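Note that the protein sequences, when read in sequence, are chains A and B. Under my numbering, think of the first position of the first sequence as 102, with each following residue one higher. Under my numbering, think of the first position of the second sequence as 1327, with each following residue one higher.
The set of hints was computed from the structure by calculation and includes no laboratory data. Don't take every hint at face value.
[Unchecked claim] If you want the footprint, here are the derived chain B segments under chain A, 3+ residues with CB under 8 Å:
1) 1415-1422
2) 1686-1698
[What the hints assert, rightly or not] Sample of chain B residues facing chain A (criterion: CB under 7 Å; computed from the structure):
3) K1338
4) S1358
5) C1365
6) H1366
7) S1369
8) G1372
9) P1594
10) P1595
11) T1673
12) A1674
[As the list claims (entries may be wrong)] In silico DSS-like links for lysine-lysine, alpha-carbon gap of 30 Å or less:
13) A:K252 x B:K1686
14) A:K330 x A:K252
15) B:K1693 x B:K1725
16) A:K312 x B:K1329
17) A:K338 x B:K1725
18) A:K233 x A:K106
19) B:K1693 x A:K252
20) A:K312 x A:K252
21) A:K330 x B:K1570
22) B:K1523 x A:K330
23) B:K1505 x B:K1570
24) B:K1523 x B:K1570
Note that the coordinates shown come from a computational prediction; the quantities given were computed from them, not determined experimentally. Note that CB positions come from ideal geometry on N, CA and C, so glycine has one too.
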Amino acid sequence: MDWPKFAYCYDGSFAGFLTCVFEAYANREEPVCFLTEGDGRVTLWPERTVEADQQKARRVYRSLDRSLGQQGRRLVSYGFLTCLEERELHLWDFLRLGYERGPAVVRDLTDPRVAALDRAVRHLTREAHLFKGFTRFSDQGGVLAGEIEPKNRVLPLLRPHFAARYPGEALALYDRTHREALFCQRGRWAILPLDQFSLAPPEGDELDWRKLWRRFYDTIAIEGRYNPKCRMTQMPKRYWGTMTEFQREEPPAAGAVRPT
Amino acid sequence: MDKLTILADGAKYDAACTSSGVDRRGGRGMGSTMAAGCCHSFSADGRCISLLKVLYTNRCIYDCAYCVNRRSNDLPRAAFTPRELAELTMGFYRRNYIEGLFLSSAVWVSPDRTTEEMISALTLLRQEYGFHGYIHAKAIPGADPALTARLGLLADRLSVNIELPSEDSLHKLCPDKGKKAILAPMAQIRDGIAQAKGELVKYRHAPRFAPAGQSTQMIIGATPESDRHILTLTQALYDRYRLKRVFFSAYMPVGTSPLLPARREFKPPLLREHRLYQADWLLRFYRFRAEELLDEAHPNFDTRVDPKCAWALGHMEFFPVEVNRADYESLLRVPGIGVVSARRILTARRVGPLTFSGLKTLGVVLKRAQYFITCSGRMLEGLRVSPDGVLRHLVALEKPALAGYEPEQLSLF
Chain A
102 MDWPKFAYCY DGSFAGFLTC VFEAYANREE PVCFLTEGDG RVTLWPERTV EADQQKARRV
162 YRSLDRSLGQ QGRRLVSYGF LTCLEERELH LWDFLRLGYE RGPAVVRDLT DPRVAALDRA
222 VRHLTREAHL FKGFTRFSDQ GGVLAGEIEP KNRVLPLLRP HFAARYPGEA LALYDRTHRE
282 ALFCQRGRWA ILPLDQFSLA PPEGDELDWR KLWRRFYDTI AIEGRYNPKC RMTQMPKRYW
342 GTMTEFQREE PPAAGAVRPT
Chain B
1327 MDKLTILADG AKYDAACTSS GVDRRGGRGM GSTMAAGCCH SFSADGRCIS LLKVLYTNRC
1387 IYDCAYCVNR RSNDLPRAAF TPRELAELTM GFYRRNYIEG LFLSSAVWVS PDRTTEEMIS
1447 ALTLLRQEYG FHGYIHAKAI PGADPALTAR LGLLADRLSV NIELPSEDSL HKLCPDKGKK
1507 AILAPMAQIR DGIAQAKGEL VKYRHAPRFA PAGQSTQMII GATPESDRHI LTLTQALYDR
1567 YRLKRVFFSA YMPVGTSPLL PARREFKPPL LREHRLYQAD WLLRFYRFRA EELLDEAHPN
1627 FDTRVDPKCA WALGHMEFFP VEVNRADYES LLRVPGIGVV SARRILTARR VGPLTFSGLK
1687 TLGVVLKRAQ YFITCSGRML EGLRVSPDGV LRHLVALEKP ALAGYEPEQL SLF
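Generate coordinates for the entire structure from the input sequences, incorporating the hints supplied.
As structure tokens, this is what we get:
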């Protein structure tokens, strides 16, 4: 490809990325790296700053269905949520290939460009599925609140599940890794960036529920079949941090530390 | 809290803990289910915790030798009230601890009375608390068919435990239960499901009877049946009773009866259970038949390699399979290629011929498969095969995974 090479600077949103794709085709340029405002990288390529434009983004998004098929559109929009390194470049490569070859491109799983994206998307969906089970909520004044620490941005994938599961509840789920929170109430929802989120320490009923659950968890295991390796395969330790069954309530702070 | 401990303790030997088979979006109350099922946690023994698995009561009138809850066992006894159970389920469900409820029960007073109690608990949970999550209920053999039918309308999945793999053993170890009493509700549930499905086609709001099907479980290693006997029985249950799952549960030494293996020195046959599950998967997803896997000459599984490898080594004339031409079923017969890999191969080869490096990119694991496949007529370069060598290599591959089972393995050689 002999288009001039540029470094693209955008705001980090999906609409922003799609606008980059639009601009790249409109100006006949090839992006060689994508920068976002906060990532602090510098480049020697000429830079082009792209403002997210809903209109242009929508045009690109509509083209996905037509040129790549539903499967292809899914790969692109999920691919943007993955933790794949340089995911924008991988997406760009995939899009170039897709616009050239049409919907059949998603079947070419042996092509390294497709394979990389496909693997990342499978990682994402698998992680999202695990978090449907491993997320723990606690009741904080009537609101269900929870925290998770995923590698990929799973919140958009978890949203429909939890919305269907708790139709009558208000819930807040915080993603520590990407500093985003999902809020959901009576069919309305939002995913917002949020720098600070801390759960109030459990009290009253909530404490009892946690105790009950831990008791159940400890009781249900059969001693004669103790198999910690199998447990770790099924539920790696990185998930344990936010799960009730592995947390022990700290002693009340007032009693432990007393100012003298 | 003690009640929960006692009643969860009594239920823990039940193997089934799946929440799969039915997709339902939330209605007005609380809860949804998903077809793939969802594990919420894994206990220290590595088994999935998906459902709140408890007994309604552990007061039992029966005295089955292999069971912890038998009448003659000295245990603290307890029972839930419907409201306690509903509160507990809702509280856990709200916090996303569980996917639903697995309600089993010891037989208290009579099978009818026990089933009635379970029905009243589930009715309260479904109707007053508006719970739409997953419910797995145990049908009690010997209960009135009308009661079992009502139970099926409340639950997503029903199960009747077949307990032991043969009538003889059943007769010896649990004199109060009979094979007929167990198979009768199983047949009833099968017919109920078929009928409800038929009606659902005609009327959209027809009541759903156990939409996630039925399952059963049996205890392995307490009695002398061979693997072949167990697997043939399993296949018959799938064919004749249209079960969704058959669970195997390695016998844990909880009884002291002289009819059972002695308590001391007894190691639960976990590896055997594992091989049976592998074979069970072959029956359900790989289109194998029980007769192919085991015969008169080989009544038990080879503990060194998995059943599919064992079959492949005994049928070398079937191999090598040409990856670029073979149909789905033949691909599934290759050790190391599973349902996912086979599907991906089918998808990818529509674009162009596959090579060994292409297979790796696809995510197909070659360490077993390499001995049994060709790509465009060629084996993997630098690979020499003699049937003996393949066996040795496959055994070596399994070794690390079996490290934990060593003591039991030695006793078998």
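The hints, checked one at a time:
Counting residues of the region 1415-1422 of chain B whose beta carbon lies closer than 8 Å to any beta carbon of chain A gives 5, which meets the minimum of three for the stated coverage. Check result for the region 1686-1698 of chain B against chain A: holds, 3 residues qualifying (beta carbon to beta carbon below 8 Å, three or more required). The restraint placing K1338 of chain B at the interface with chain A holds, with a minimum CB-CB distance near 5 Å, inside the 7 Å limit. Taken as an interface hint, S1358 of chain B checks out: its beta carbon lies about 4 Å from the nearest beta carbon of chain A, inside 7 Å.
With a cut of 7 Å, the hint placing C1365 of chain B at the interface with chain A holds, because the nearest CB-to-CB distance is about 5 Å. For H1366 of chain B, the interface hint holds, since its Cβ comes within 7 Å of a Cβ in chain A; the closest pair sits about 4 Å apart. Look at S1369 of chain B: its Cβ gets to within about 4 Å of chain A, closer than 7 Å, so that hint holds up. This hint holds: G1372 of chain B has a C-beta 3 Å from the nearest C-beta of chain A, less than the 7 Å allowed.
Checking P1594 of chain B against chain A by beta carbon gives a least distance of about 6 Å; that is within 7 Å, so the hint holds. Of the supplied interface hints, the one on P1595 of chain B is violated, with its beta-carbon coming no nearer than about 11 Å to a beta-carbon of chain A, more than 7 Å. Look at T1673 of chain B: its Cβ gets to within about 5 Å of chain A, closer than 7 Å, so that hint holds up. The interface hint given for A1674 of chain B holds, since its Cβ lies 4 Å from the closest Cβ of chain A, which is under the 7 Å cut-off.
About 24 Å separates the Cα atoms of K252 of chain A and K1686 of chain B, which keeps this hinted pair within 30 Å; it holds. Restraint check for K330 of chain A and K252 of chain A: the C-alpha separation of about 22 Å stays at or below 30 Å, so the hint holds. Of the pairs offered as hints, the one joining K1693 of chain B and K1725 of chain B holds, with about 14 Å between alpha carbons and a cut-off of 30 Å not exceeded. Taken as a hint, the K312 of chain A and K1329 of chain B pair is honoured in the structure, with Cα atoms around 13 Å apart against an allowance of 30 Å.
Taking the CA atoms of K338 of chain A and K1725 of chain B, the gap is near 25 Å; set against the 30 Å cutoff, the hint holds. For the hint linking K233 of chain A to K106 of chain A, the alpha-carbon distance of about 42 Å lies beyond 30 Å, and the restraint is violated. Between K1693 of chain B and K252 of chain A the CA atoms are separated by roughly 29 Å; this keeps the pair inside 30 Å, and the hint holds. Only pairs whose Cα atoms come within 30 Å are accepted, and K312 of chain A paired with K252 of chain A is accepted, the gap being roughly 29 Å.
Among the hinted pairs, K330 of chain A with K1570 of chain B is consistent with the structure: their alpha-carbon atoms are about 28 Å apart, no more than 30 Å. Distance restraint check for K1523 of chain B and K330 of chain A: the Cα-Cα separation of roughly 42 Å exceeds the 30 Å cut-off, and the hinted pair is therefore not satisfied. Using a Cα cut-off of 30 Å, the hinted pair K1505 of chain B and K1570 of chain B holds, with the two alpha carbons roughly 20 Å apart. Of the pairs offered as hints, the one joining K1523 of chain B and K1570 of chain B holds, with about 15 Å between alpha carbons and a cut-off of 30 Å not exceeded.
When held up to the earlier numbered hints, the structure conflicts with 10, 18, 22 and fits the remainder.
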